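Student: Here's the letter readout for the chains.
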Amino acid sequence: MLLIVLVPLWIVVLTSLSTKGAINRAGGLVIWPDGITFEAYEEMLKGSTVRTALLVSLGITIIGTAISMVVSVLCAYGLSRSGSFAHRFILVLLIVTMFVGGGLIPTFLVVTGLGGYGQWWALILPGAVSVFNILILRSFYSSTAAELMDAARIDGASDWRILWSVILPTSRAVTAVIALFYAVGYWNSFFNVMLYMPTESEKWPLQYVLLTYVNRGVGMPGSVNAGFGMAHSQTAPLSLQMAVVVLTLVPLVIVYPFVQKHFRTGVLTGAIKG
Amino acid sequence: MNEGLTRRDRLRRDRSVLIMVAPAVVLLLIFNYAPMVGVITAFQYYDPLIGIWDSDWAGLDQFQQLFADSRFWHALSNTLYLSFVQLILFFPIPIVLAMLLNSVLSERVRNFVQSVVYLPHFFSWVLVITIFQQMLGGAGALNQWLRSNDLATWDVMTNPDTFALLVTFQGVWKEAGWGIIVFLAALAAINPGLYEAAAADGAGPWRRMWHITLPGLRGVIVLMLVLRLGGALSVGFEQFLIQRDAVGHEAAEVLDTYAFYYGIATTNYSFGAAAGLFKSVISLLLIWGANKLAHSFGEDGLYRK
Numbered sequence: 001m002l003l004i005v006l007v008p009l010w011i012v013v014l015t016s017l018s019t020k021g022a023i024n025r026a027g028g029l030v031i032w033p034d035g036i037t038f039e040a041y042e043e044m045l046k047g048s049t050v051r052t053a054l055l056v057s058l059g060i061t062i063i064g065t066a067i068s069m070v071v072s073v074l075c076a077y078g079l080s081r082s083g084s085f086a087h088r089f090i091l092v093l094l095i096v097t098m099f100v101g102g103g104l105i106p107t108f109l110v111v112t113g114l115g116g117y118g119q120w121w122a123l124i125l126p127g128a129v130s131v132f133n134i135l136i137l138r139s140f141y142s143s144t145a146a147e148l149m150d151a152a153r154i155d156g157a158s159d160w161r162i163l164w165s166v167i168l169p170t171s172r173a174v175t176a177v178i179a180l181f182y183a184v185g186y187w188n189s190f191f192n193v194m195l196y197m198p199t200e201s202e203k204w205p206l207q208y209v210l211l212t213y214v215n216r217g218v219g220m221p222g223s224v225n226a227g228f229g230m231a232h233s234q235t236a237p238l239s240l241q242m243a244v245v246v247l248t249l250v251p252l253v254i255v256y257p258f259v260q261k262h263f264r265t266g267v268l269t270g271a272i273k274g
Numbered sequence: 001m002n003e004g005l006t007r008r009d010r011l012r013r014d015r016s017v018l019i020m021v022a023p024a025v026v027l028l029l030i031f032n033y034a035p036m037v038g039v040i041t042a043f044q045y046y047d048p049l050i051g052i053w054d055s056d057w058a059g060l061d062q063f064q065q066l067f068a069d070s071r072f073w074h075a076l077s078n079t080l081y082l083s084f085v086q087l088i089l090f091f092p093i094p095i096v097l098a099m100l101l102n103s104v105l106s107e108r109v110r111n112f113v114q115s116v117v118y119l120p121h122f123f124s125w126v127l128v129i130t131i132f133q134q135m136l137g138g139a140g141a142l143n144q145w146l147r148s149n150d151l152a153t154w155d156v157m158t159n160p161d162t163f164a165l166l167v168t169f170q171g172v173w174k175e176a177g178w179g180i181i182v183f184l185a186a187l188a189a190i191n192p193g194l195y196e197a198a199a200a201d202g203a204g205p206w207r208r209m210w211h212i213t214l215p216g217l218r219g220v221i222v223l224m225l226v227l228r229l230g231g232a233l234s235v236g237f238e239q240f241l242i243q244r245d246a247v248g249h250e251a252a253e254v255l256d257t258y259a260f261y262y263g264i265a266t267t268n269y270s271f272g273a274a275a276g277l278f279k280s281v282i283s284l285l286l287i288w289g290a291n292k293l294a295h296s297f298g299e300d301g302l303y304r305k
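Read top to bottom, the protein sequences are chains F and V.
If you read the first sequence in the working numbering, its first letter stands for residue 1, the second for the next number, and so on.
If you read the second sequence in the working numbering, its first letter stands for residue 1, the second for the next number, and so on.
Hints listed in this document are in silico derivations from the structure and should not be mistaken for laboratory results.
This list has only true hints and no planted wrong ones.
Just the calculated beta-carbon pair ranges, DEER-fashion:
(1) V:ASN102 - F:VAL92: 36 to 42 Å
(2) V:PRO192 - F:PHE89: 39 to 45 Å
(3) F:ASP150 - V:GLY231: 39 to 45 Å
(4) F:PHE89 - V:VAL109: 47 to 53 Å
(5) V:ASN149 - F:ASN24: 17 to 23 Å
(6) F:LEU55 - V:ASN191: 52 to 58 Å
(7) F:GLY118 - V:ALA22: 26 to 32 Å
Being a predicted model, the structure only gives us computed values, none of them experimental.
For glycine and all other residues, C-beta sits at the position ideal for the given N, C-alpha and C.
Bound-form chain V, shown alone:
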């Protein structure tokens, strides 16, 4: 298609296409690629008054400080712990919900349920946490009911011990419904003939689920797991930022809030950039590793081998 055309001819031919792509490319260059260059502030003693080109070099000083800070290790272990709890308690729920929903016979019921459970995905974290505060907080509906029945009150929202369960439940409330959408698509792609054949061979509903439904979902499940493992260090920034003060940083500090509080809020930019860079590099390694793992299971993962 391009043979016989010089670079100039192709440039002229595709002029309008290039003009169309330009605004997006310019925005990405400014707000995504320029910050990638800005990562060098992590190796400097960055001073906003002097600027990035003239600030003194720090070598690995910022990282040494970071690794010497016990609050950093605390934030890292919190992140991993919360990520683990969220994975164990969250991950199976959309799969089970999708399978339940798929077995509902009436299309009307199914559509109604879907539109309701998708809705919270579009709520902001501010709104979700406000609603949780009103339901489970000290003055919320739950404690109001407990008090009126002369039972001991239970403030869920400020309790550091149960914080991991609380944030997981918030995550389930907001995203589990939306999470079913990919599994429903995978279920719809399973050939109904397989079920009929299995039923004719005498397979009960459990055997059909085990031998047809779950293998049919396997590819999507592995893909979702890969994405989840790759994002293990991003447990949800806004959710923790909003609740950090109420619960205390002991329980709610994660890598992202750490970088925010000790980088931006204290204007210690280079230090925060170093914390952010540490997180990005480990995350990239996690995505790469998880993808390798998916390939070794014979699945596609993020991309085909």
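One chain only, chain F, in its complex shape:
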């Protein structure tokens, strides 16, 4: 299992770092180091397509995650206060959406009906709330800090104050895990792009560029350098294609190690209790 995961990644990274000569000698993908260069990365970032897509992806991910986290943390805290007004009703309202939905086309009609076609918010708001994530946060909030919360309330702290000074500092692990879940969701989203901005290539995020230009082998427009439009083929050279693959991986691999150690505490407590 370990090798099945690691070997393809190794080949992809190595090919993206290989010189043209090494790729020719290997007859395609490079399996063993033989002439390392960062040329493909330089070329990739010189072309406007990938650079714009990277900025779009980062923008959607950062703004989306921020919105999702604020909404989810507030909601989870509100729901952890059992016995409050309409508490059960709101909880049922949320849980129902986990099992029943309008489906793809009614959702598409609602979003486009609100003028979402071609708009950035259409990539973020429809999926901004994950009830599953809220329930994980909620089960954490209602269990871990019960005594602390009571003590704070006796001291006269408001709900906002308790959330900010008691709950958030004591639940950093689970917050980090949920933020990663949301961020990965936004970073990986491609179907929303296909639905809501299929024609505007200057608004495409990285995943969509990866799909069109690497997986489907379409030529890359808007890149000024000759590398993409060489001789007979419009397709980018292999090292460049693999560099795009690596680029979509990089942010994840940077963040992952910091969050990974919290999986056990974060996910499991929520999942098992929930």
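We have chain F already, so just place chain V on it with the hints.
Tutor: For chain V alone, coordinates are given in the frame of chain F:
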């Protein structure tokens, strides 16, 4: 706690809690509940220019068309077939992996393996399929090696006959590692005293696995099976959407791609909504049925009886 308080007092007391919950509720009302109302387009001849309130009623016309379409039945049988193959070949793997990993003595090794096998879960389907394309496709690493050794090439990525195996393998690559997380938790919850007692009574490793480990996992296994059966009609949308063109719709069309191609891509919204509604209703019945089944085995399933 609430006795003696009027509705107004409670509303005032819980004002800040309600404000906190409001944004999530508003988003769910717009993007989850409004589409549920929008399901009525399945019973209309919906025209985007006129809108949902003024479009003509179709009764069950869209459903009649749907059931008369041979491509629909083909998509349905594809979905069930792929779901079945994925269940048989995927389901046991995380359980076995979790048990193997649990028997590794060194914590460091275990942690390292875990962090590597979790990783693909966070990759997008676009990325996973691109990687598969590079490894197993016509110009990929496998065929490159076959060619350099003068062997016959084998394009796995565009072969409709082996597509079910391919998507299952992709699923295993992406999700099997992540799938072990719940089983590991269940294994950690088993009382170690049971193993010691069994060993003292002379039970070998196989007997201990059979009489302690597997019964300890039983609840989680049943829960996972219930979820899996409930999702039998959702075999994985993006995975099929991306590969549909390369493999051909004969093998890769599932209910979700069907609704997308004959609903949105052709702007035949009411027809697509009818296909989606059919899927949702059957899925709900499947969850309900599978849960009933779990209860009859004396397990909790999704919720306690």
